[in-house]
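When you get a sec, could you build the whole thing from the sequences and use the hints?
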Amino acid sequence: MLEIFTLLADWLAYTLLGLGPDTRLGTAIHFFIEDTTKILFLLVVMIYVIALMRASLNLERVRAYIQRKNRAVGYFFGSGFGAITPFCSCSSIPLFLGFTSAGIPLGITMAFLFTSPIINEVAVIMLWSLLGWKFTLAYIVVGMAVGMIGGMILDAIKGERWLKDFAAKAYRKAAEKTHDSSQDVEVPEAPKLTFKDRHNFAKDELKEIVGRIWKWVLIGVGLGAALHGFVPDGWFAENLGAGQWWNVPAAVFAGLPLYSNATGVIPVMESLITKGLPVGTTLAFCMSTVAASFPEFIMLKQVMTFRLLAIIFTILLANFMVVGWVINLIGPWLFGGV
Amino acid sequence: MKTFEVLGTGCKKCVNTAEAIERTAKDLGESVEVIKVTDPARIMEYQVMSTPAVALDGKVIHSGSVPEQDKIAGWIQS
Numbered sequence: 010m011l012e013i014f015t016l017l018a019d020w021l022a023y024t025l026l027g028l029g030p031d032t033r034l035g036t037a038i039h040f041f042i043e044d045t046t047k048i049l050f051l052l053v054v055m056i057y058v059i060a061l062m063r064a065s066l067n068l069e070r071v072r073a074y075i076q077r078k079n080r081a082v083g084y085f086f087g088s089g090f091g092a093i094t095p096f097c098s099c100s101s102i103p104l105f106l107g108f109t110s111a112g113i114p115l116g117i118t119m120a121f122l123f124t125s126p127i128i129n130e131v132a133v134i135m136l137w138s139l140l141g142w143k144f145t146l147a148y149i150v151v152g153m154a155v156g157m158i159g160g161m162i163l164d165a166i167k168g169e170r171w172l173k174d175f176a177a178k179a180y181r182k183a184a185e186k187t188h189d190s191s192q193d194v195e196v197p198e199a200p201k202l203t204f205k206d207r208h209n210f211a212k213d214e215l216k217e218i219v220g221r222i223w224k225w226v227l228i229g230v231g232l233g234a235a236l237h238g239f240v241p242d243g244w245f246a247e248n249l250g251a252g253q254w255w256n257v258p259a260a261v262f263a264g265l266p267l268y269s270n271a272t273g274v275i276p277v278m279e280s281l282i283t284k285g286l287p288v289g290t291t292l293a294f295c296m297s298t299v300a301a302s303f304p305e306f307i308m309l310k311q312v313m314t315f316r317l318l319a320i321i322f323t324i325l326l327a328n329f330m331v332v333g334w335v336i337n338l339i340g341p342w343l344f345g346g347v
Numbered sequence: 034m035k036t037f038e039v040l041g042t043g044c045k046k047c048v049n050t051a052e053a054i055e056r057t058a059k060d061l062g063e064s065v066e067v068i069k070v071t072d073p074a075r076i077m078e079y080q081v082m083s084t085p086a087v088a089l090d091g092k093v094i095h096s097g098s099v100p101e102q103d104k105i106a107g108w109i110q111s
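Just so you know, the sequences run in chain order E and C.
Everything in the first sequence is counted per my numbering, starting at 10 for the first residue and increasing by one.
Everything in the second sequence is counted per my numbering, starting at 34 for the first residue and increasing by one.
You may find that some hints are simply not true.
[As the list claims (entries may be wrong)] Examples of chain C residues lying across from chain E (beta carbon under 7 Å, computed):
| hint | residue |
| --- | --- |
| 1 | Thr42 |
| 2 | Ile76 |
| 3 | Val93 |
| 4 | Gly107 |
[Claimed, not checked] Chain E side only, calculated, beta carbon under 10 Å to chain C, not exhaustive:
| hint | residue |
| --- | --- |
| 5 | Ser65 |
| 6 | Asn67 |
| 7 | Arg80 |
| 8 | Ile102 |
| 9 | Leu104 |
| 10 | Leu106 |
| 11 | Phe108 |
| 12 | Thr109 |
| 13 | Ser110 |
| 14 | Leu146 |
| 15 | Phe306 |
| 16 | Met308 |
| 17 | Gln311 |
For the record, the hints were derived by calculation from the structure and aren't laboratory data.
Even for Gly, the Cβ is constructed at its ideal location relative to N, Cα and C.
Take a look at the structure:
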């Protein structure tokens, strides 16, 4: 069904604009038209459908679910809900405090916040359509692992010591109270929604998300198209000595100053991989661009001391590197040379 | 006079919410007080997790989005 977008791009780029399929400009323009139309179409359909389904999932219910779990599964649930819960980054602070003041351990809350920007329906849809299901699955596993491991380390070093006073106090108070009774927390009932309510919710979500990300899609695909058309195949392998251990940290640091969301980075990933950059290195770059963004960290300063922020930042970067190395090691076996 | 508090750590939607309340009140010829609450500790006391949220006379009446105009009108006239 999606071939229609290839045909559309064929017609627009080669017939209407008269570009040759063998020229650099021709391939770049073709890539741009095919990917933007395909991605925007899939996004509109899928965001709407997914929003219909999750209209009744609100943060209060998510929090109660997580509270009922014991610590070990808590990380998994924190990270998993971070992936599926609709949530705007401007809400990170209230969300953080809402979780903390309910006695949810810092590591589990952070597993939620780490995973949230990396995995969302937009990222999954784009990856699936550009790079296939295997890669999408690997991305989800890696994203959740980064969140869960980051959270576990934070709890292991008792990171809550370095929360701002008011937040630490609220956490202690709640943790004492719910120490033995966390199994009794009641999950608030799902709001009863008619189809019309769900439709309205989904319509608003669609408008909000597409309004926010369409520019990123264009920029991301534009960059991807430029790479695709103008960088020769295998360029990275030949020029960066791709595959050497220092490539991964280099990719992580290169991604740091770039502040993008998953939407903008995924089309670039597609091109990087087809041009011969190893999958693990590409993933490390992508995660670093998406998840370690300074604006977000400056926001968290309101509830954390500088020391805790620095620790979290270091843990994240270390995680990205480990992920990059591991995937590079097992990549050829996983993907058979994507 | 009614006092509305708009809770939020300063994102654009929170500003829009405060403006929407002021505008609606003006249209209705009522005078209200709108206070923007950006202090995280205060927002935590209200147990609000999705912002922007609105509190009227110390009680949270809305959270998670910019409220619709007729909803706001209902609060002002209640």
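Hints, one by one, checked against the model:
At a threshold of 7 Å, the smallest CB-CB gap from threonine 42 (chain C) to chain E is about 5 Å, leaving the interface hint in force. Interface hint at isoleucine 76 (chain C): satisfied, since its Cβ lies 5 Å from the closest Cβ of chain E, which is below the 7 Å cut-off. The restraint placing valine 93 (chain C) at the interface with chain E is violated, with a minimum CB-CB distance near 12 Å, outside the 7 Å limit. Hint status for glycine 107 (chain C): violated, given a least beta-carbon distance of 18 Å to chain E, over 7 Å.
For the restraint placing serine 65 (chain E) at the interface with chain C, the shortest Cβ-Cβ distance is roughly 13 Å, beyond the 10 Å limit, so the hint is violated. For asparagine 67 (chain E), the suggested interface contact is upheld, since its CB lies about 8 Å from the closest CB of chain C, less than 10 Å. A hinted interface residue such as arginine 80 (chain E) counts as satisfied when its beta carbon comes closer than 10 Å to some beta carbon of chain C; here the least separation is about 21 Å, so the hint is violated. Hint status for isoleucine 102 (chain E) relative to chain C: holds, with the closest Cβ pair at about 5 Å, below 10 Å.
A distance limit of 10 Å between C-beta atoms decides the matter here; for leucine 104 (chain E) the minimum to chain C is near 5 Å, and the interface restraint holds. The criterion of a C-beta within 10 Å of any C-beta in chain C is met by leucine 106 (chain E), whose closest approach is roughly 4 Å, and the hint holds. The interface hint given for phenylalanine 108 (chain E) holds, since its Cβ lies 8 Å from the closest Cβ of chain C, which is under the 10 Å cut-off. Annotation: threonine 109 (chain E) was flagged as interfacial toward chain C, and the flag holds, the nearest CB pair being 8 Å apart, inside 10 Å.
Below 10 Å, beta-carbon pairs count as interface contacts, and serine 110 (chain E) has one with chain C at about 6 Å; its hint therefore holds. A least Cβ separation of about 30 Å between leucine 146 (chain E) and chain C goes past the 10 Å threshold, and the interface hint is therefore violated. Against a cut-off of 10 Å between C-beta atoms, the interface hint on phenylalanine 306 (chain E) is violated, since the closest Cβ of chain C lies about 14 Å away. For methionine 308 (chain E), the interface hint holds, the least distance from its beta-carbon to any beta-carbon of chain C being 7 Å, beneath 10 Å.
Given hint, glutamine 311 (chain E) at the interface with chain C, holds; its Cβ is 5 Å from that chain's nearest Cβ, closer than 10 Å.
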